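Asks: Residue strings, one per chain:
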Amino acid sequence: MKEQLQMIADEAMAKMEEVQDIKSLEEIRVLFLGKKGKLTGILKGMGTLSAQERPIIGQMANDVRNRLEDAIQKTRSRLAKKEREERMARETIDVTMPGTVIPRGKKHPLTLVLDEIKEVFIGMGYEIAEGPEVELDYYNFEALNIPKNHPARDEQDTFYINDKVVLRTQTSSVQVRVMEKKKPPIKIICPGRVYRSDAVDATHSPVFSQVEGLVVDKGITMGDLIGTLQVFAKSLFGENTNIRLRPHHFPFTEPSAEVDVSCWSCGGKGCRICRNEGWIEILGSGMVHPKVLQNCGIDPKVYSGFAFGLGVERTAMGRFNIDDLRLLYENDIRFLKQF
Amino acid sequence: MMKAPISWLKDFVDIKIDLKDYAHALTLSGSKVEAIEDLGESIEKVVVGKILSMEQHPDADKLRIAQVDVGNEILQVVTGAPNVNTGDLIPLALPGAKLPGGTIKVSKLRGVESYGMMCSIEELNLTKDYLPDAPDDGVYVFHNNPAVGSDVKETLGLEPVVDFEITSNRPDCFSMIGLARETAVTLKEQFRKPEIVVKEEGNGKASDYVSVEINNPDLCSRYAARVVTNVKIEPSPAWMQRRLAAAGMRPINNIVDITNYVMLEMGQPMHAFDLKCVQGGRIIVRTATENETITTLDGQERQLNPSMLVISDENRAVAIAGVMGGENSEVTDSTDILLLESANFDSKSVRLTGKKVGIRSEASSRFEKGLDVENVIPAINRAAQLIEELGAGNVVPGIVDCNPVKAKPVKLQLDAGFINRLLGTYIDTEWMLDLFEKLEFSVDRKTMMLTAPTFRPDIQGEADLAEEVARFYDYNNIPATLLQGRASTMGRKTVGQRMEELIHQQMLSSGLYETYTYSFTSPKVFDKLCLPPDHILRNTVNITNPLGEDFSIMRTTTIPEMLEVIRTNYSRKVEEGRFFEISYVYLPIEGELLPDEKKTLTIGLYGNADFYLMKGIIEQLLEQMNIHDIDFSPVADHPAFHPGKTAKLTIAGVTVGYLGEVHPEVAENFDCPLNTFIAVLDIQPMIDNADMTREYKALPRYPAVSRDIAMLIRNDILVKEIEGVIRQRGGKILEGVRLFDVYRGDQVPAGMKSVAYTLTFRSADRTLVDEEVNKVMEKILEGLKTNLGATLRE
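Protein chains in written order, with the working numbering: chain A, 1 to 339; chain B, 340 to 1133.
Just so you know, these hints were derived from the structure itself, not from any lab. Be aware that a few hints might be false.
List of simulated lysine to any residue pairs, SDA-like, C-alpha gap at most 25 Å [what the hints assert, rightly or not]:
1) Lys-1092/B / Glu-1111/B
2) Lys-863/B / Asn-884/B
3) Lys-532/B / Thr-568/B
4) Lys-106/A / Arg-911/B
5) Lys-544/B / Phe-530/B
6) Lys-863/B / Thr-820/B
7) Lys-687/B / Asp-803/B
8) Lys-1071/B / Ile-1026/B
9) Lys-106/A / Leu-1057/B
10) Lys-492/B / Ile-460/B
11) Lys-107/A / Lys-687/B
12) Lys-938/B / His-150/A
13) Lys-106/A / Asn-1014/B
14) Lys-234/A / Ile-1026/B
15) Lys-695/B / Arg-196/A
16) Lys-694/B / Ile-128/A
17) Lys-118/A / Ile-128/A
18) Lys-984/B / Phe-1009/B
19) Lys-912/B / Gly-311/A
20) Lys-832/B / Asp-163/A
21) Lys-118/A / Lys-337/A
22) Lys-182/A / Lys-832/B
23) Lys-182/A / Asp-935/B
24) Lys-863/B / Lys-687/B
25) Lys-832/B / Lys-694/B
26) Lys-747/B / Asp-783/B
27) Lys-687/B / Asp-163/A
28) Lys-867/B / Val-200/A
29) Lys-164/A / Pro-185/A
30) Lys-234/A / Asp-163/A
31) Lys-107/A / Arg-1040/B
32) Lys-492/B / Asn-554/B
33) Lys-218/A / Leu-821/B
34) Lys-218/A / Gln-752/B
35) Lys-832/B / Gln-959/B
36) Lys-954/B / Leu-1057/B
37) Lys-182/A / Leu-821/B
38) Lys-937/B / Lys-218/A
39) Lys-747/B / His-150/A
40) Lys-342/B / Gly-587/B
Predicted model, so just to flag it, every value in this text is computed and none were measured.
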C-alpha cells in the first residue's frame, strides 16, 4: 500500500508538471482527490489493514493528500497567472486613440469675466445687487445728480420708453435703489445690462454689461477707493498690475477719476494693445457726490462713500484679446468654444 | 476736444519741459491729453527757395529746369509742376531732406541732374485748411514773402498741437487761456493774462449806432456790442490763419477769423453783423415767434418757434442766439461798418435750440456748457484790439453793454479737515490756500472764505474743493488704504443668486454653450413666430427713439433670439448646436410705469437632438435643484411650437414654460433646420420651489423584489397616466417604476401600443414574501384593466 501511495503521488505530480490549463488541472484533482479518485480509493481499502499498519498508512495517505492539494493550489495559481497574462496580451488597446468625451458646455466670455469680478468683491465682503433695466428716469438720472435738460440725458445717448421711463444707461441706478432701502454700511456690486444709443460696430454696442461698485459708511476715503481698485486690478489682471487715476467728470461723483491699469500685454512699456501708452483705461470712479447721498436720504455730513463702474465687454476684449465686440453677441459656437 | 497749438499756449505760460512730460502732467491734473500732433514732425531740410529762371527740359515735354536760390547757393531743380514761374517763392526739399514720403536725393531726370524737389502741400503732409492759399494741384507758392533760405517749418509755423479731451464741467478749458491757466498751476509756472488795450479811434460812440434790448433776461444775462467803422475785409494774416487751422478752424476773412480767434483764445463765442443790415440799428434779444424762419449762414432755411431765442433787429431775426448767425446780416466783402456781439446765453436754451434746428456749432457747443458772464467784456475788447492791430477797421469808442443778470460768485468756507478726511490725506491748509489763489479764487485767509472765479461753474460745494486739492496733489499720491475696519459686511450671494449659478452649472454639464443676445428686437418677430394678432406677447415695451425697427421693442420672448443663434450657426455649416441663455423678458403691466422683468432660461438644440434630449436636460436640472411636484403635459396652445411635440412644464401648479420642437413654419421663417428644439422657462418659480435642505435616509436593509409587466393599451393613453395608476395601486411597498419598452407595430393591433415596466418593491422593515408582492401586483393589474382598459401581455 505504501508503494501504491507513492506511485499515486508520483503520477499526480508528473501530470501536474504537464498540465496546461485550469480545466485539465481540475480533472487531475478529481482523478486523484475526488470522491471516486485514486487516493480516496486507497483510503477506502484501509479497512483491510492491521491496526498496527493503519495509523502509519493513514498518516502517509494524509501526507500525500496534503502534498497533492498543495501542489494543485500552486499549479492553479501558476496557471491562473499565465491565463491572465495571455488574456491581457489579447486585450491590449491603442491608448493613443481619442478619449470618450462627456460633452460639457462653456460659459460665455462675458460670464467668465463677470464671475471673476464677483468673486473678487464677494471675497472683500460685497453683496451683489440687481435692479431693473427698464428704469425710471428718476433712478437713472435725477437721483444721480443729472437733472432734466442735462446734456448726459441726450436722446443721442439714451433710449426712451416715455418721458418718465428709460433703458438704464448705467447700473448706477441700482445704487440709488439700494441706498434708499438700506442704511450704511453698504458694500455692493451691481452687475447688469445697460443701454446706450450707439450704432453697432467693432467697439460699440447698444447693449452692453457693466459692473458698478458702491461703498458707503462713516469715514470712507478716496484712499479706500484707490486701495480697493488696486486689489481689484491685481486680482483681475495679475499681481504686477499698477493702476493710475486721472481726474475726470461724472455728475454723480466728486472728486471723480478715470482709472487706467498698466497694460496687461506689455506691462507698461508700450505696445499695440495699449496704443503705446502703457496704460489702458478700464473704469470710472469717484467719491459719491454729496447730492446723491442726500437724494437717497443719507446724510453726507455723517457718511461718505465711493463708487466705481467698469464695462465688462471692454474688460473681456482686453483679457481675451478679442478685436471685435460684435463677436460677443453673435454666438458662433466656434467662438464660444474658445473660452 | 480742444486743439491747442503749443505756441499759442506759450503766449500765456512758459512750457519748459519735454512735450511728453507736459502731456503726462496735464493728464494727471485733469486735462487729458489725447494726442500731440506735430505738424512739422516728419519734415526736415525743406527751405524757402526763389526761382531765378525756368527753361524747358531738352528731352521731356512736361519737365522744366529751374535755377533756385536757397540763400547760400543756387541749385538746379527739375520740376513737373506747371504752376510755378520765375520769381516764385516755393518750398524746396534739399538733397537729404526728410519728408513724410521719404528722403530726397540728388537724381537725374531724363539726363538732367536735380538737386532737390519743389513741394506741394500734400508732400508736406498739410491740408488746404492749414494753407488755404495753396493751389488744388501743384507746388505751393508762398504769398507772404518769407526770407529766402529760411526753414519752412518756421515760415509755415509747423508746430506741435496738443489735443485735449475737455470734460463738460470745464467750459473755461475750451480756451487757450483756460488751458494755459491749468498748465501754469500744474507746472508751477507763472500765468500771463493777455494785456488788452483798445485805442478806440472810430468816430462818435457805439450807442450812437446801436441800441440793445433783452426781452428774456432768463435766457440772456448779458449782451455787449461794439461798432467798427471803415471796415476793410481781407484775408487775415498768415500767423492767424495758421493758428486757426492748427486749432481745427477754417480761415475765412479777417473779421470772421478774429471772432473765431477770440473764441479759441478766450472761450467766448463772438459774432459779427454787417451793421447796415441790422435794421433800425436795434438789437433785440427775444424768443422767436410762431412760424418765424431764418436762413442761417450755411444757407439753410430754419423753422423757428417760441422756445428759441433769437437776435433780432427792428423787423426780423438776424441770428439764432448762440447757435448761428443769419445770412441776412452776414459780413461780406462789401461790409464797411459792423457790429460785434459778445453775449452770454443760457446753456440749456442754446443746447435745446441747437438740437431742434439741427446745428451744433463751435459757438453753441461752448454756450451749452455754461459760460462766464464776466468774460463778455474782455473778449469783445480783445476782438477790438485785434481789429485795430490788423488794421481791419476803426473801433468806435464805447461798448453798449446790457447786463440784466449779474454773475453770482460762489462762496465756500475752506474746511481742510473735511477735505483731508474725504481724501484720506494730511495736506497742509497753507498748501490748499496757495493752490486756490493760483486757481484765481479770492481767498480770505482770516475767515477761510473762498470765492470761486466766475469762470468755474463746476465749483458748487466742498466736494468740488476737495477735487481741486486732490487733482493738484495728484490722485496717485493719495495713500491707498483698504477700508480699515469700516463698512464691515459679509460678502455672500443670495439664495436666488446661488440657484442661478446652479442652473448655469447644470446647463454647462448638459453640454450647452452659453449665449448673450440683445434684449430688444423687431416687432416683426411675432409674425415670424406665427402668433395671432391679439396674442399677449405682442403687448410690448416700445422704445421711442430706437436705432431702427430691428431694435425697437423690448423682447417679450427669447425664442426669436435663440432661433437667430441657431440660424447663425446652421448657416455656417455647424452640424449641431446646444445653447442656453439666462436673460430677461419685459412684460408690460397694466397701470404700471415699469414692466415685469422676468428672468428666463432659454435652451436651444439642433442637429442630433430630439424632444427627449430636451426633456432630459430639464429633468436633470429639476433633479439638481431638488424640485418636486413637477408635471409635463402635452400642449398645442403655443403657435411657435409643434402641436404634437411640445410639453408645458408646471411646478406646484405654476406654469414655468414650454419645451418642444419648433413649429416647422416658424423654423422655416427663421431659416432654422426642422429638428430645432426650444425651451423657455421662468427662473423664479424654479428657485421658489427648489429645496436645498438635505436629509439622510437610512440605506435599505432588506432586499427588493422586482417584477416586469407588459401590457397592451390604447395608443393615446399617456405613460404618465399608466404610471399614475401603478403608483396609486402600488401602495407603500412600491419603490420604483421604470419604463423599459414602448412598442407599436406588427405584433400590436392598430391604435394600440405595448408598454412594459419593471416594478420594484421593498419594505423598510422586513423581507417581502412572494404572496405579498403578488397581491399588490394583482391590484395594479386590476387598476390598469378597469381604469385604462389595458390587457396584460404574456
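Asks: Now tell me if each hint is right for this structure.
Replies: To see whether the hints hold, each was checked on the structure:
1. The suggested pairing of Lys-1092/B with Glu-1111/B is violated, with an alpha-carbon distance near 29 Å, which exceeds 25 Å.
2. Between the alpha carbons of Lys-863/B and Asn-884/B the distance comes to roughly 17 Å, so the proposed pair stays at or under 25 Å and holds.
3. A threshold of 25 Å between alpha carbons decides the hint, and for Lys-532/B with Thr-568/B the separation of about 28 Å lies outside it, so the pair is violated.
4. About 20 Å separates the Cα atoms of Lys-106/A and Arg-911/B, which keeps this hinted pair within 25 Å; it holds.
5. A C-alpha spacing of about 34 Å is found between Lys-544/B and Phe-530/B, which places the hinted pair above 25 Å, so the restraint is violated.
6. Note on Lys-863/B and Thr-820/B: the hinted pairing is violated, with a Cα-Cα distance of about 54 Å set against a maximum of 25 Å.
7. This hinted pair checks out: Lys-687/B and Asp-803/B have alpha carbons roughly 22 Å apart, not beyond 25 Å.
8. Taken as a hint, the Lys-1071/B and Ile-1026/B pair is broken in the structure, with Cα atoms around 30 Å apart against an allowance of 25 Å.
9. Our distance criterion of 25 Å between C-alpha atoms is broken by Lys-106/A and Leu-1057/B, whose separation comes to about 36 Å.
10. Between Lys-492/B and Ile-460/B, the direct Cα distance comes to roughly 12 Å. Compliance with the 25 Å bound is thereby established for this hinted pair.
11. Annotation: proposed proximity of Lys-107/A to Lys-687/B is violated, straight-line Cα distance about 46 Å (limit 25 Å).
12. Straight-line distance between C-alpha atoms of Lys-938/B and His-150/A comes to about 33 Å, which puts the hinted pair past the 25 Å bound.
13. Under the criterion of a C-alpha separation no larger than 25 Å, the hint pairing Lys-106/A with Asn-1014/B is consistent with the structure, at around 23 Å.
14. In summary, the hint linking Lys-234/A to Ile-1026/B is not supported, as the alpha carbons are separated by about 35 Å, beyond the 25 Å threshold.
15. Restraint check for Lys-695/B and Arg-196/A: satisfied, since their Cα atoms lie roughly 21 Å apart, inside the 25 Å limit.
16. Of the supplied pair hints, the one linking Lys-694/B and Ile-128/A is violated, its CA atoms being roughly 39 Å apart against a limit of 25 Å.
17. Among the hinted pairs, Lys-118/A with Ile-128/A is consistent with the structure: their alpha-carbon atoms are about 8 Å apart, no more than 25 Å.
18. Note on Lys-984/B and Phe-1009/B: the hinted pairing holds, with a Cα-Cα distance of about 19 Å set against a maximum of 25 Å.
19. Taken as a hint, the Lys-912/B and Gly-311/A pair is broken in the structure, with Cα atoms around 33 Å apart against an allowance of 25 Å.
20. With a C-alpha separation of about 35 Å, the suggested pair Lys-832/B and Asp-163/A falls outside the 25 Å cut-off, and the hint is violated.
21. The hinted pair formed by Lys-118/A and Lys-337/A meets the criterion: a straight-line CA distance of about 23 Å does not exceed 25 Å.
22. Straight-line distance between C-alpha atoms of Lys-182/A and Lys-832/B comes to about 17 Å, which keeps the hinted pair within the 25 Å bound.
23. With a C-alpha separation of about 23 Å, the suggested pair Lys-182/A and Asp-935/B falls inside the 25 Å cut-off, and the hint holds.
24. Under the criterion of a C-alpha separation no larger than 25 Å, the hint pairing Lys-863/B with Lys-687/B is inconsistent with the structure, at around 38 Å.
25. As the CA atoms of Lys-832/B and Lys-694/B are separated by approximately 45 Å, the hinted pair breaks the 25 Å bound.
26. Taken as a hint, the Lys-747/B and Asp-783/B pair is honoured in the structure, with Cα atoms around 18 Å apart against an allowance of 25 Å.
27. About 18 Å separates the Cα atoms of Lys-687/B and Asp-163/A, which keeps this hinted pair within 25 Å; it holds.
28. Among the hinted pairs, Lys-867/B with Val-200/A is consistent with the structure: their alpha-carbon atoms are about 24 Å apart, no more than 25 Å.
29. Distance check on the hinted pair: Lys-164/A and Pro-185/A sit about 31 Å apart at the alpha-carbon level, beyond 25 Å; violated.
30. About 42 Å separates the Cα atoms of Lys-234/A and Asp-163/A, which puts this hinted pair outside 25 Å; it is violated.
31. For the proposed pair Lys-107/A and Arg-1040/B, the alpha carbon gap of about 43 Å is over 25 Å, so the pair is violated.
32. Of the pairs offered as hints, the one joining Lys-492/B and Asn-554/B is violated, with about 51 Å between alpha carbons and a cut-off of 25 Å exceeded.
33. Only pairs whose Cα atoms come within 25 Å are accepted, and Lys-218/A paired with Leu-821/B is accepted, the gap being roughly 14 Å.
34. Distance hint between Lys-218/A and Gln-752/B is fulfilled; the C-alpha atoms sit about 22 Å from each other, no more than 25 Å.
35. Between Lys-832/B and Gln-959/B, the direct Cα distance comes to roughly 23 Å. Compliance with the 25 Å bound is thereby established for this hinted pair.
36. At roughly 16 Å between alpha-carbon atoms, Lys-954/B and Leu-1057/B fall within 25 Å of each other, so this suggested pair holds.
37. Pair hint Lys-182/A plus Leu-821/B holds up; C-alpha atoms about 22 Å apart against a cutoff of 25 Å.
38. This hinted pair does not check out: Lys-937/B and Lys-218/A have alpha carbons roughly 36 Å apart, beyond 25 Å.
39. A distance of roughly 21 Å separates the Cα atoms of Lys-747/B and His-150/A; the hinted pair therefore holds under the 25 Å criterion.
40. Only pairs whose Cα atoms come within 25 Å are accepted, and Lys-342/B paired with Gly-587/B is accepted, the gap being roughly 7 Å.
The earlier numbered hints that this structure contradicts are 1, 3, 5, 6, 8, 9, 11, 12, 14, 16, 19, 20, 24, 25, 29, 30, 31, 32, 38.
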